[in-house]
Structure formats: structure tokens, C-alpha cells
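Protein chains in written order, with this note's numbering: chain A, 1 to 337; chain B, 338 to 660; chain C, 661 to 1229.
No lab work stands behind these hints: they were computed from the structure. Just so we're clear, the structure is a prediction, and the values are computed from it rather than from any experiment. All C-beta atoms, glycine included, are put in the ideal place defined by N, C-alpha and C. You may find that some hints are simply not true.
Not everything, but these chain A residues come out facing chain B in the computed CB check (under 10 Å) [claimed, not checked]:
| no. | residue |
| --- | --- |
| 1 | VAL17 |
| 2 | LEU61 |
| 3 | TYR62 |
| 4 | THR137 |
| 5 | LEU272 |
| 6 | GLY274 |
| 7 | LYS281 |
| 8 | GLY289 |
| 9 | LEU296 |
| 10 | MET311 |
| 11 | MET314 |
With beta-carbon atoms standing in for the labels, derived distance ranges [stated by the list, open to error]:
| no. | chain 1 | residue 1 | chain 2 | residue 2 | range |
| --- | --- | --- | --- | --- | --- |
| 12 | C | SER784 | A | ASN125 | 32 to 40 Å |
| 13 | A | THR180 | C | SER743 | 39 to 47 Å |
| 14 | A | VAL262 | C | SER743 | 53 to 61 Å |
| 15 | B | ARG604 | A | VAL171 | 29 to 37 Å |
| 16 | C | PHE816 | A | ARG28 | 45 to 53 Å |
| 17 | A | ARG28 | C | LEU1052 | 48 to 56 Å |
Okay, here's what each chain looks like letter by letter:
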Amino acid sequence: MLRMIAKRMLIAVPSLVGVVIVSFLLTRALPGDPAAYFAGPAATKEAIEQIRAKLGLDKPLYLQFIRYVGDLARGDLGDSLTTGQPVAHEIKTRLPASAELTLLGLIVSMAIAVPLGIVAATRPNSLVDHLCRVISTAGVSLPVFFTGLILIYVFYYLLGWAPAPLGRLDVFFSPPPHVTGFYLIDSLIAGEGEVFAASLKQLVLPALTLGIFALAPIARMTRASMLAVLASDFVRTARASGLAPLTVVVTYAFRNAMLPVVTTLGMVFSFLLGANVLVEKVFAWPGIGSFAVEALIASDFAPLQGFVLTMAVMYVALNLLIDVLYGVIDPRVRLEA
Amino acid sequence: MNKAVSIPSPQGGRESAESVAPLRAASAGFASAPALAPRSTGFSATLRHARYILGENAVTGFAFALFLVIVLAALFGPYLVPYDPFASDTAAALKAPSAAHWFGTDQLGRDVFSRVVVATRLDFLIAVASVALVFLMGGLAGVAAGFFGGWTDRVVGRVADTIMAFPLFVLAMGIVAALGNTVENVVLATAIVNFPLYARIARAEANVRREAGFVLAARLSGNGEMRILLAHVLPNIMPIMVVQMSLTMGYAILNAAGLSFIGLGVRPPTAEWGIMVAEGAAFMVSGEWWIAFFPGAALMVAVFCFNLLGDGLRDIVDPQRRT
Amino acid sequence: MSETVPLLEVADLTVEFTTRRGVVRAVEHVDVRVAKGETVGIVGESGSGKSVTSYAVMRILDRAGRIAQGGVRFTGLDVRAASEDQMRDLRGREMSMIFQNPRAALNPIRKIGRQIEDVLEQHSQADSAALTDRAIEMLDQVRIARPRERYHAYPFELSGGMCQRVVIALALACRPQLLIADEPTTGLDVTTQKTVMDLIVELTRQRGMSTILITHDLGLAATYCDRVVVMEKGRVVESAPSRDIFTAPAHPYTRKLMRATPRPGLSLRDLLPDDESGEGAASVPASSKSTGTAPLLVVEKLVKEYPRKRPGGPLGKILARQPAPEPDTFRAVDGISFTVARGESVGLVGESGCGKSTTSTMVMRLIDKSDGVIMFDGEDIGAIPAKSFAKLPLRKRIQMVFQDPTDSLNPRFTAARAIADPILRLGGMRRRDAVRARCEALARQVGLPLDLLDRFPHQLSGGQKARVGIARAIALNPDLVVLDEPTAALDVSVQAVVLNLLQELKETLGMSYLFVSHDLNVVRLLCDRVIVMCAGRIVEQGPTAQILGSPQAQYTRDLLAAVPHPTFT
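Just chain A, same shape as in the assembly (with noise of 0.2 Å):
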């Protein structure tokens, strides 16, 4: 298990090196003057200099790129426009926002798609299924800002049911002391019942606007390989044999049928991330997402780059745990490495 562990690890390297070129080339690729771009529009003509012996963009490309990995390997992200301050510092406070909504926004489609995806594989043509089979086509049509706004104007304005979409908690309350930067786990942790329930209020109507829009792959592949596993030779042994439904379709069908589902998580996670971006500005959430897009609408390209640094090397660390996971689950894999 460590030794597949430690090879899945290797074998996500090639993909970091990949992230850390293209992030790099795509400071490289701006158009124009990269030293003036970095400088922000007002700059004066010294003051681009400066950037740019400050960057080092007057050497030779290679000596650039050995000076961009040695800042990554300190951690150094360069530092941002508007607020002066240094990007990995921003990103390392916003970043539970994000994690917190994301995972949450997970976990809500997980809960509703899987059983659901089962259900309507057991049934073939029952109400269930055809129910199923409409999530998962209008799931994966529904763009995810507009239905973040939908659910605005029907909880917060017509029914009044949800707090106002602007952040993370109600202005009368304070965060709770951090521990994780997960307000939900923080307010428990410190005992503030209150807190709690404020910040979850919060959540509710991002986490759901992000749980819908995973629903749809995850009910979809989950019935799809239900179905194939159902039909398989050895659920048709394990029904030969006597067993009863729900070993067959827990024990046998359902183990089985999660593998091709783990794999699809890591299409799922990507779709998240990036949906996350479209959330966060909705609902005005302070994560790294609303962090990127206010640098974009101030041409301010080192947080930008930062964050999709940040993204990305969250992504390839999703997906080793998926391929962990799915090693967990599948003896074939584990024993091979």
C-alpha cells in the first residue's frame, strides 16, 4: 500500500513540473512589455525599470525560469498591486473559504447523486430513473452563476429564507478563533453555537448552487456503471448462487460500480475548482476565486498567476488521493505496484 502510494506520488511529478512551465510561460505570454504589465497601468517609465530588474526579465529566458522555481521553492508568488501585500500570503488566508464551500458543495452532491444514481440503475424505467436520467442531462446545462443567482431571488428575495449573499458570515457576528480556517469546524471547536448556525446560513445556498452543478456527472456515471456491473457475469453467478439483493447489489454490484465513479471524481474536481471561480462571485465569498477575479478587472497578473499556480497544484494533489483511493478499493491496482 505505501509502495503504490509512493508510485502514484512519482508519478504525479512529471504533471507538477508541467504546471510549474506553464504557469511560468504564461507570464511570458503577455502581450506587450511584461515588466509594464507587472508595473499596473500608472507606472511611470523608472518605475518599470525597477520591475523589471526586480523580476529579472532583462536576462535570458532559462535564467528566468531558475529564478521563478527558486521563488516558488520559497513560497514567493510575487506580491499584488492593489493591496501591496505578498500573493502567498492572500491566498494562504482566503484559501479555507474556498476549500470549506468547495468540499461542503461536494459532499451535498455526493450525498443526493450517489444513491440516487443506484436507485435508478435498480429500477430500470421506474420514476426514479427517468428522474435520474433528466438531472443528468439539465445538471450538466445549467451554467452554475445562473443558477447561484436563481436560488438568490428565490431564498433571499421572494422567500426570505437565506441571509444576504455577501460572504462568508453576518457582519454582527466575528469569525470564530482559527484553527482549520473552516468556520463550521472552528466555531465548534471554540464552542460558539451561534457562530455555527450564522456560517452555515452562509453555506447553504453556494454549497448547494455547487452541489447541483456535480450532481449531474456523478448521478449519471454512478447509474452507468451500476447498470454495467448489474449485468455483469459475476453479479449473474452471485444471483445464480442464491444470494440475497442487497449482497448482491452492496457487496457485489456497488463496490465495483464505484471505481469507474472515483475516476470520474477527478473530472468532477475540475469542473469544482473552476466552478468555484463563478460561486465565489455570486455570492461574494471571500476565497481565492474572488481573489483571482478582482485581479483580473485590475490587470493585476501576479495574484492571477498565483492562483492558478495554487489551483493547479491543488488538483494534482486531488487527484493522487483519488488514485490512492481507487487503489484502496481495487486489489488489482494495489497489488500490481
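Given chain A's structure and the hints, the job is docking chains B and C onto it.
Chains B and C alone, transformed into the frame defined by chain A:
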């Protein structure tokens, strides 16, 4: 002897030889075209099968009709709309939907209906252009990688893996921000993030056919490798790639609209669904829902239509993968 | 046996399937009785309804299927009317089933021991403490060595034959009264087939069980069964003791099936029904080869090496605990030498993985050799890279008929276009009407009706596709044709026709055949000489009658002994 026992299953019958037994016919019913007249050629058979699917599956027929509406709106929309999509009329600002303004008016008093219809062309063009671009890039690279293997395969695989290492929308953001905030770059970025998908499918399809009997037979018949690739392998992969195109059209529109929602690519006052939703977003909390709702709904309907159409096309091309 | 109450009685069984195009009857008015301790074979070609009948007995038809008429009584219980709970109790405990493709029949991610335990536990055959012991005992009974260790194995760690033993253990764990074996040996190598069949017979006899053996192989059924039921197109056409079926088949279909089954002592002609034997000149036994001239094909010390697969590539190598003891290459073909004379048919026989296909692909010049010489009509074709061979004039003279007629035809080419492909590329013929005329002549030669020429492969039957493949192979009048298991995907009656066609073509066109096959009975019919291969080497070679009549090598003897022969003929 290695014979398949054919029991009918939704997965389709397995190939077995020379038998016209009822059971065989039963499984064939799941798996392939309806009974064919002796003299029918492949094309007319496909056509008949397409008609059969459209007739059988009302949903696909509906999606096809919707698709025609979208194409018509893209072609003729600007000439048909009741108002100038850019003419502001502050007196009529923020009016709810009415007989005069079907979809209401926005904060500048522009007619939302006219803007939604006119936007069809731009959104449709972005999607078609990016899908066509990635079809050429990804499809050709993937087919070459799968068929020739070796270093071609490694290079294409490495490029695809690197792109896949990013969350796709995030990479698209980075590309547009770096290359410049233009519609062309939105098209390019959408194509690039879709590249791995196309390359992988084309690669897999070419790879299974690389050692297929008919390719070996073509080699024995004196066909060169290039000829085998172009005349034998490629035509067999095309249908699957075309289905993929229609399935990713929806994603391409969503991607482009998402980018313009956060201010990339299209700029105001251009009529485009993503940016219109972004402009209307602020009014959702004060109750003027129509400004964001109608462009959002148009976007949703278009994507839904492409997805349904893709599923329907897949049924026609590849009956075994029906869901 | 007729006085006793039968264990299983299938009476007037009709099974219907609901399909997109309405209701289809897969099985109609079938009657089968199985007495206690009796072994009954159900024989038929694909689509005959034999498997559906057995699924109806167990009531495991999929959703689309239902018993429309008649019924099944098992030890007096009406299976059609029984509740699902009752049936579940019956399955696995009173009646159980083993399937073809054993590897797929086992849960790929569950330990095999646990899978046996699941069945035991379901039918409360042992208390939980004894479960593991019982499972290991079952593994031991199906002759799995080191059962205590193998208990923890996953199916992918076992060979196909081993997996089938596990499936047998699973089926017999609760000591059922009836075992249904659905093509239990299809897809296994001949020697494995025999051991698996012998094991089934031995275990079921010991327990006094009844068995239904479902197979397409009349020889297998006659060897192992007391009684044989022959099915055709969903109906039972004949039901009689094995001996009678073989010595005096009553129904014309049985006679046709029996005739078409290749077995010792028959010639190719004998495979065809009487009314079809008038035409052709195949009655002359194969002996038209010209002697004295140099052989057409000479293969000397041919070697093909492949790099051994290392999972994970270079990274895997770094991580491997120690360097692997084996060499980095694997010899698929290990220094073999043989010749093929003009007009001669040579059989290349062996079990899967013996290197016979690799050899034929090298001779075809589709892949490059690692070492050795391939001489064709005095030219060293082995020295020409496979890549550039395709466009040489020599290409015309070596052609091939493929194993799977479906896979070997481009789905987007009509039959005529497929046959014309070599003519256009290598035949130097360009004019459309000339090419068309040549295609039609070839179609006539292989017995393909001309109106089928404009059809696409999916509109042709298996036998018709095989004919297209043969027409394409002979289109350029080749000197050597490699036949790679050309009938393996066909039903026996079609196989008989295709084999006769091949023989006839060889004689009229004077070609040589290199016939690659695992089926000794087929090789016996078509080949002048036989080469037996095992693990990349030639075990023995010589005239067919000599090798198959008095084999010298132990391996050849094992192969021959493994082919089922009914003892009474």
C-alpha cells in the same frame, strides 16, 4: 470453437455467426439498425436509422427542432428583433416583462428580448469556432498518437496530461488573461482546455483499430501507412468524433459565458449571454430578476439542446453505448 | 428411468423477450426431463435457445424475458409460481450454475475464499466460525493446490482454468442436487478443458447429483452425457440417449450437426449434408502437391523477442525492491525451423500463447523478426522491414485469411470494395468495370451471391463475411495463404462449408496454406503436414497421419487425449 452464447441483454447481442434464430433477432433489435432491405446501401440505412431514432425518440426530435431555432436566431436574429439592442432609453429603465418588452428592460432601458436574441450569434459562433478548432487540433493529434504510437504518442500524451493537470476553467482564465482580453482568445482558450478530451478519445479509437483485422488486411492489400490512416482508420473514427463535437458544444458555450461573466473576453455593451447575466446579477437581490434570468435561461436552453442532440447522435452512431 | 419422479421437469416451456420491435420468442414448447443422478446435454448452435432454457430453470432471465407458457418443476415445486424468496433459497443450495468465461463470473475485487463463504453463509451451511474452513475445504476439493493461501487470492491472480475451478467450488459448496453447466469449457485451452470436465463429472458423480451440460460441441456432450437434447431455433428437435444420437440420429438437423462436427476418420466431404455434396472437385484427397521442386517457404531458427512488461515503466524499475531475476526480454518464438512446399497445407497447432500466431504474423511480414531467416521462393523476405513490405510486388504472393471475419472487414466498405482493395492497390487494375468484373468472378469462386456484393459487413452473416475475407485473400492469386483460425468464430455447420471451400480453392488455384489452429480435428481434415508448437518451440512435426496417429511427443499425446471422443462409434 469460441462461440458466444447470445442472451438478449440491454448491452446488445454479441456477434455470432450464421444464425437467424428468433433470439438472435431479439438481441439484434437492441444492438443494431432495424431489419434492412437487401439492396440498401450504408448511407440510406444510416438515414433510415436516423429517422427511426428521431421517430422513436421524441426528445431527440425536439432537440433537433430547438437546434434549428437557435441556428435561425443566430443567422437572422439581428434583422428580426423589435428594438435596437444597444439603444438605451432611461425613461423605460428596469421595466418588468410586458407586451411591449417581452423580457423587460435593463438598467439602461435596453430591450432584454432583443439583446438575448442578438446575442445568439456571438455565443453560437464562439462555440462553433472553438469546437472546430479543437476538433482539428485534438482529433488529428490524437489519431496520429494512437495510430503511430512511439514518440508522437508520448508528446501528445504529455501535452494532454499537462493541460489536464489544471482545473480547466482556471486554465482558461489564465490563458485569456495572459494572451489578452479578446473574444479570439476566449475561443482559443476554450479549444485548448478541450484538447485533452478530443486527443484522448481520438487516440483510444485509433489505437484499438491499429491492430484490427481490417487494418492488417489493408496492409496486406498494399496500402501504405498514411493511406491506411486516412482511408481506413479515420472514416471509422469520424462518427464518434462528431458526436463528441456536439457533446462539447454545450460545454464550450458554458465555458465562454463563464469567462465573460467574470469580465474576460466580451466587454459591455456587447450583447452576450454571460455578460448580460453578470450585468443583471446585482439586480437579483432587489427583485429585478428578468435582466439576468432571460439571458441565463437562453444559455441554459442552448446548452441543454446541444447535450440532448449529442446524446441522440450517439444513439444513432453507436447504439451500444446508449444510456 | 421413466418410472421415477424426475428431479427436474421442463414442460412446454416458452420464453418471450420484449424488445424494441415487439415480443420475440426465444424458446418455444421445450420439454426436458432430468432424472436423479442423470447427466443431460443440451446441444445447439448459437441462438438455439439452450442458454435461455437454463436461465428459465433457475429463473434468472433478465428483465426483458419472461416465461410465457408452460413451466418448470423442480422436485415437485412449480418454479414459475414460486415466490422470489423461495427461488433464492433454491438457487445455490438446490440448483446451481457454472458459466462460460469463468474469470468474468467472479467478483474481481473480492477474495475468492470470501466469495465461497458468501454462498455458504447465505444458505446457512456452516456457522460463522467454520465458514473459512469450509471454503478452504471446497477449494481443496476442486484440486486447487495450497487452498489456504489461495483463499486470499483475487480472480485476476488466477488462470482461466483455476477460476473455473473456483466457480465450480462456489456452485457445489452447498451440495445442490442439480448443476447446470453453461459452456463450462469454452475459451479454455484443450488440455484445461479436459481436466475441468473430468473434475465436474467426478464431483457430481460422488455426490449423486444431476447435471445439465449446455454446449455447442456434440462430441463433448456425447462423451460426458447420458442423454442429449438437440435444440434448433428455440425448439427441441431431438432428445435421445447419447449412443442413439450418435449411431442413429433421427432428425435431419441432428444429422447435419453431427456430420459437420469434425472428428477422426472423416474426410472434409463427409462434413457436408448429402444433398450439398454433388458439386466441386474436393473429393480428391489432398495430394496434388508437386514434389521435387524447392520448397516455397523456408523458415530457419526464427526468433521473436519482446521486452518484458514492467508495470510503471522506468519509475517502477526504480521502486522495485530488487532487480527482477528474469531477463528483460521474453521469447514468444524461440528458434523454430520448418518448410512449406508448393501446393502443400501445413498446420501450425498449439494452445494459446504457444507462439503460433506470432510465427504466422512474422511469415506474413506484418511484424519484424528478432533473429533467423524467412525465405520465400528463394528470396530472403525476413530481411525486408515489415514497414516497406506493404508496397512490394512480393506482397501479392503472400496473403491471409483472418480469425474474426467481422473484425477483418472495414465497417465502412462494401463487400465489393473490400475485395477490390488489394486489386486496386497491388493488382495494377484501375478501370472500374474491370475491377468490378474481377470482384464478381471472385465472388462466384467463393460462392458469395452477387447481390450481396454491395452490402456492408453488418448486413452479412458470419459465413458470408468469411467468404468475403477469403475472396479478398485470393484476389491476387497468391502463392501462400496464411489461415489464422479462419473458422474459430463460426458455427460448426458454417465451419464445414468454409473448410470445404478452402480445400476446393487450394486445389483449383494451386496455393499453399499455412493453417494456424488450436483444433486438431480441423487440422486433421485440411492439412498434409502438422507442426505442433508449445512455449515458442516446435515439439514435433511431420505428416498429419503420422503425428496425429502415433504422436511421439508427450505434449502432442496430451493434446490429442484432451479432445473429447465419444467412445461408441
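Evaluated hints:
no.: 1; hint: VAL17; in the structure: holds, 9 Å
no.: 2; hint: LEU61; in the structure: violated, 16 Å
no.: 3; hint: TYR62; in the structure: violated, 19 Å
no.: 4; hint: THR137; in the structure: holds, 6 Å
no.: 5; hint: LEU272; in the structure: holds, 8 Å
no.: 6; hint: GLY274; in the structure: holds, 3 Å
no.: 7; hint: LYS281; in the structure: holds, 6 Å
no.: 8; hint: GLY289; in the structure: holds, 9 Å
no.: 9; hint: LEU296; in the structure: holds, 6 Å
no.: 10; hint: MET311; in the structure: holds, 5 Å
no.: 11; hint: MET314; in the structure: holds, 8 Å
no.: 12; hint: C/SER784 x A/ASN125: 32 to 40 Å; in the structure: holds, 35 Å
no.: 13; hint: A/THR180 x C/SER743: 39 to 47 Å; in the structure: violated, 54 Å
no.: 14; hint: A/VAL262 x C/SER743: 53 to 61 Å; in the structure: violated, 37 Å
no.: 15; hint: B/ARG604 x A/VAL171: 29 to 37 Å; in the structure: holds, 33 Å
no.: 16; hint: C/PHE816 x A/ARG28: 45 to 53 Å; in the structure: holds, 48 Å
no.: 17; hint: A/ARG28 x C/LEU1052: 48 to 56 Å; in the structure: holds, 51 Å
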